[in-house]
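Colleague: Okay, so the sequence shown: first residue is 1 according to the working numbering, each after it adds one.
Hints are all accurate, no fakes.
Below, computed lysine to any residue pairings styled on SDA-like, alpha-carbon distance capped at 25 Å:
| hint | residue 1 | residue 2 |
| --- | --- | --- |
| 1 | Lys978 | Asp988 |
| 2 | Lys175 | Glu185 |
| 3 | Lys823 | Ser796 |
What the hints contain is simulated information worked out from the structure, not anything from laboratory work.
Fair warning: this is a prediction, and the values are worked out from it, not measured in the lab.
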Amino acid sequence: MGRVGMARIAGIGIKKASDDIPPVEKKITRAISGALAHFEEGAGVTEVLFTSDLSAVQLIGLPHDSTPTSVLHLLQSRGLDTSVVSHIRVVRTEISSEARAEAKARHFAESVVAKFGRQRTSQQGPGVTAVPIPVNAFPSSSSSSLRVDCKKVHCSWHKPSKTVWLNFGSEEVAKRVSERFKKGEYKILKQMAHPSDPTRGEGIFNTKAWTICLTGVASDATRSDISNAVWRKWDTPRGIELGTPTYTADFETCATKIQSLFTAVGPLEWWEFTQDTTGKRMKASARFLSEEDAKDAVALHDSPLPFHKTAKLTVQLVYCARFKVSSLIYDAVERQIKGHIPKWKMQYVHFTAYEQSQPPKWYRTVKLEGENSKTVAEAKNVISGIFAGIVAKEGSSNLWHPSLRSNGEISSKLTQLQQQTGVVILPNKAKSQLRLFGPLEGCEWVQARISEILNDQRPANFTIELDEEKFLWARLGGYKRLAVELGPESVSLDVVSKPKRIIITGTETKYNVALSIINGKARANSKPDPNGQDCSACWTESENPIQTHCGHTYCLDCFENMCLSAPTQESAVEIRCVGDSGSCNMVLDIPQLQEHLSSTAFEELLEQSFASSRECEAEFDWNPQELLTSSPTPSCRAARVCHGDTDSEQTRPAARTSRLLRRADKASPQNPALSAGIGAASDESPSWDGRSKEAEDEEEGGRTGWRSGFHKLIEGSATAFGSILVLGLAGYSYHAYYKSHVLRKMENAFAVGYSSVELAALSRHISPTSPHSNLAAVDFEENDWVPRSEQAIIDSIVDGTIKGQYHLITGEKGTGKTSMLLKAMRRIGGEGVAMLEAHGDPEIFRVRLGKALDFEFHEDYIGSLFSFKGPRDTTALLDIERAFNKMEKIALRRKEQVGKPLVLIITGAHLVRDDSDGQDLLELIQQRAELWAGSNLVTIIFVSDDYWTLERLMWQATRLRVTTVHDVPRNTALEALKAFRSRNYNEDVPSSILEQVYDKVGGRLSFLSRVAKSEDMIKASNAICEREKRWLLSHYWILGEDLDPGGETQQDLSSAAMLLAKKLVDKEKAMRIAGTYDGRLPQIPIHEAQQIMTNAAWIKEHEHNNIFTINSDGMVQADSVAMQHAMREICEREGFDEHLQATLDRLDEIESLQRTREITLKDLQEKGVYQANVSNGIISIKLGSVKTEEDSK
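My request is simple: use the sequences and hints to build the entire structure.
Modeller: Following this line, the structure appears as structure tokens:
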């Protein structure tokens, strides 16, 4: 395994051997709050850049072999200052190169454009021009900690292979060996080989007649390796022939050439090549310095290998996220993480956790890698949530006790609790909170237990500040004496704050004892051991010790708290060692901070450092000569910093103003007037003009006393009237805007293009690579291969050539009605056309109509602004009427502009229910269609499969034109089918086969499309006929003489269907005998069909179920040729006539039993009576009450 490292380019992204730059880890950058911050030793901010501080320029027309260095020389040759250039990126095109240069100067791009312009240079080739471009946003981070980056790519390519031929004398042995290679029983050099099926050579007495070909065999495989692979004696080949390798370059040479492809894209941070001896591919990984370079490198995917032009290089972008977390925390949450690993594996997200390479191993590094940014980001969020833990709280307040700052009794109890439950409890002294890590249930229980422990304590904190003398006393053993006298849980030391201090937790008595000990200054005999393991921050035995480069020891937790406490101080952030009682003062560099802090704590430190530096800069980095003026009101305790422009003011609170005043005193001691002015501005003054507040109140009362109640009434009335007027104007403006906006939206629905409904309908006819904007140029896959005679008529209707009519396009299901309409729409780009599919529910029809017209049916009644119920809040039909009113206005505009009507296509009109609601809906649409057809405004096209739609529309139609779409004629279908098979399958189908296909499925377009694309057309045709037969039998098979009386209604329909089917089959036979059969289906008039069925309504139900069909001439026939074929097979079954007659007899018997009822009435006593009531054919009999003689009188 080889690994090639590349140093980060010095500052500006250009490799310079002479640049004396610090190592890359000594200085880091982070993008925070839209700024790019540079951090160096001590996590201090050294530079902050905003995008407004930068400029970028694009150089076009550079020579093809340009490099960042040559571009830099070109800029220098034009007299430009290249010291401000921060990055140069070169992109090579086919004949030239382009370069992007970024600089830390706002006007650099303007200077470059001014220098180049349209000038040409002989050294850099003709046509070099410059164009200013926007500056890219700063990346989220310069590392992958706590974020997902994509600087890494994986690449692989096939190892060299060769082909091997094995010769056998028997076909049986050859087949057996081939199968064992396929199953992996035989492997060559532990690798699978791909065998072919045995083939026989020439010659009768050939002892090596049977050959199998093995492909993908390793290039270094020998005859011996292949013989050893076929280890069974009875499978030994009689001959072995080796082919030549696909390429001969060695592995290292191949890897170097692949690496050069990536370095041509951009500089690499490292390159890693792995020689996999078991697999068939060579694999390598590369990490770029820039994510942009890594994304550009993906363009090398599927490119030819430089050493093997017929093979391809595979390149995949890898998304990566890293975490550095305490080993203690990782052990506590490891089970939670492992619960997510199976899901991540399914998403191809790889999880890795490893320890530090060098002791002490207090941290674990966790890495996530995957090729899908979304899944890696989701996994990263899951781990972030687990590693964040939960803050222990009681209600809304944090659980905390001051004694937790030292190792005392409470700390011991929490340690025991942690050992018992496995939940890690980490105190954050900087934020005064406890954070819990572990399973959620365990954390909740531990949180409750911590609350009980802390409630038993009553904390009281006392602070003793230490001057230099007292701090020296504490350092020389005084602090340990206090810990012995008062207990370690009662004493804690804070060496980070200024001044340093000792915190006493407990009663006032303990505080007085500590004070007396400190004031007594009893000199301790012992001195701290500089080589001991005591923590330099808490002066106790270090827990999980870490050591800085200066040799001082810290607790792991104390070190983190010290670093995170530094940004809270007033001074600028610079993390320094507090060893040797604060006398070390060595700045801790970035590598040490990264080594001893978790990734979360390190990133938090940088953010706090940035925030502190910006606050410090905002408070102190100002010109001492700025003019400070006092606030105009005596109660304002803030100052205004004026920068010459009175409109640009920045108000600072008084607490910070005092710090500015101290800064001004130090900055301008020679200007006492300025200091005096500032001091005067900051002083509080109870009265600034000699007037008291009481006098002001009296004056104000005098001004208001003269106002009368009448004047107040007039003022209130005017205010109310003005409010009503404004509200009314706002409502009227909204009303006018709404109407105009609705018309604009609806007009756009009829513009060139397609709605989502139309796109969904067109999508099955569009090739996968065709965009929606180019639908007019796409060839139909389904139906264009069959020419249709009706297409010309439909084209004329849709493009507006045929006007003054509305249309009903009817025909059987699958004849291509909708497809022809879609083709006509595609021809004109959808201009002036809207399409929707009908539905049985008027509410759903209303929604679909609104979607097609881009009309949302929002109430445009102005009273709705006042929550008044509108006058048109009623059924769906009213909303449809409103939509038609809006569409009529659009149609009037279009007629004036184009002279053609709008076209509204309603497909599936037969889906509207044949009830009162459905009939009202059809009547509403037809009334509009008649009106619009007469005025040439809108052409409505109904598309229906059922006869009842025609029957309903013909009732009051005057301008209706019916177009019937039939099956494709025989000759047209056979020619199209033959041409399709020849064009797509290179097959010359015999006419006999085509005739058989047409006899089975006819000219139904949907059936022909299915058969034309099948491998065996006869088999596909038989399957269609069999499906139609099963459909008929599952719905309308007759049950014979064993019919149960409960099934009478269904069997009435079934027997009627079979009677009509038998009639059609008999008529077909008669036509064949008479010689008049021409391939068309036999038909009978609808009145005869109703007479055969004995019920006029049944034929429509059968038509709705696609058993029979009724054409526009009122003729009944089978729904398709396949259905006629199914009827023929059923009716020609042996015993069918007897079975049908038995069913009819049984139905007659059941009906006769229902007509005969015997009622036996027994004699009544005491003059009783029966009362019989007849209602809707139902007779109910009950016993009447007996009338007495008194009642009769």
